[in-house]
Amino acid sequence: MTNTQGTQENPWKLKTPPQTSEYEMYKDEKDGKAILVCTVGKTVLHYDYRCIEDLHAMLKQHGDWIELGSADEQKPAKEGTVEAWGRSPDNPIGGWYGLKKGFRGRFGMYIPPLMEQLGLAEVEHHPRNNRMRAI
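Quick note: the sequence shown uses our numbering, first residue 1, plus one each step.
No lab work stands behind these hints: they were computed from the structure.
Among the hints, erroneous ones may be present.
Below, in silico cross-link-like pairs of lysine-lysine (DSS-like), each with a Cα-Cα straight-line distance of 27 Å or less [as the list claims (entries may be wrong)]: (1) K27 / K13; (2) K33 / K60; (3) K75 / K15.
Treat the numbers as computed from the prediction; the structure is a model and nothing was measured.
With the hints as constraints, model all of the structure from the sequences given.
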């Protein structure tokens with residue numbers, strides 16, 4: 001067993017921004033592409049691994065707090081939120097960072113706590129309407 005965190009054997013153990021649900025994430029590879037595997041209960045989501053670096057760069061450029069705005073793929077994302085940016089044609093990959101059709105949303109719920117764990121961002125932990133900013 002390895003001590004390196006963020007592997008399948010030793011995933012990051014995280015909590016959603018409101019601190020109400022636990023989930024795990026780890027880095028993996030699929031079809032030659034680095035991905036984040038996010039396991040929430042029995043649901044498994046995949047995100048493009050470069051979202052970490054790209055989101056950090058966007059937050060640095062933004063320079064202030066930005067609302068998370070988490071939403072399922074089938075629901076529209078509130079404009080000006082991390083969720084909207086994570087699916088915008090104007091982001092660095094030109095669309096969704098979520099990779100599994102039907103489960104591409106919730107970017108604003110599951111990526112910010114990982115960014116906080118990695119020391120790249122500060123995330124609020126209120127019951128609703130949480131925000132984040134780059135460190």
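Against the structure, the hints:
At most 27 Å may separate the alpha-carbon atoms for a hinted pair to count; K27 and K13 meet this at roughly 13 Å. Straight-line distance between C-alpha atoms of K33 and K60 comes to about 25 Å, which keeps the hinted pair within the 27 Å bound. Proposed proximity of K75 and K15 is supported: the alpha carbons are some 22 Å apart, at most 27 Å.
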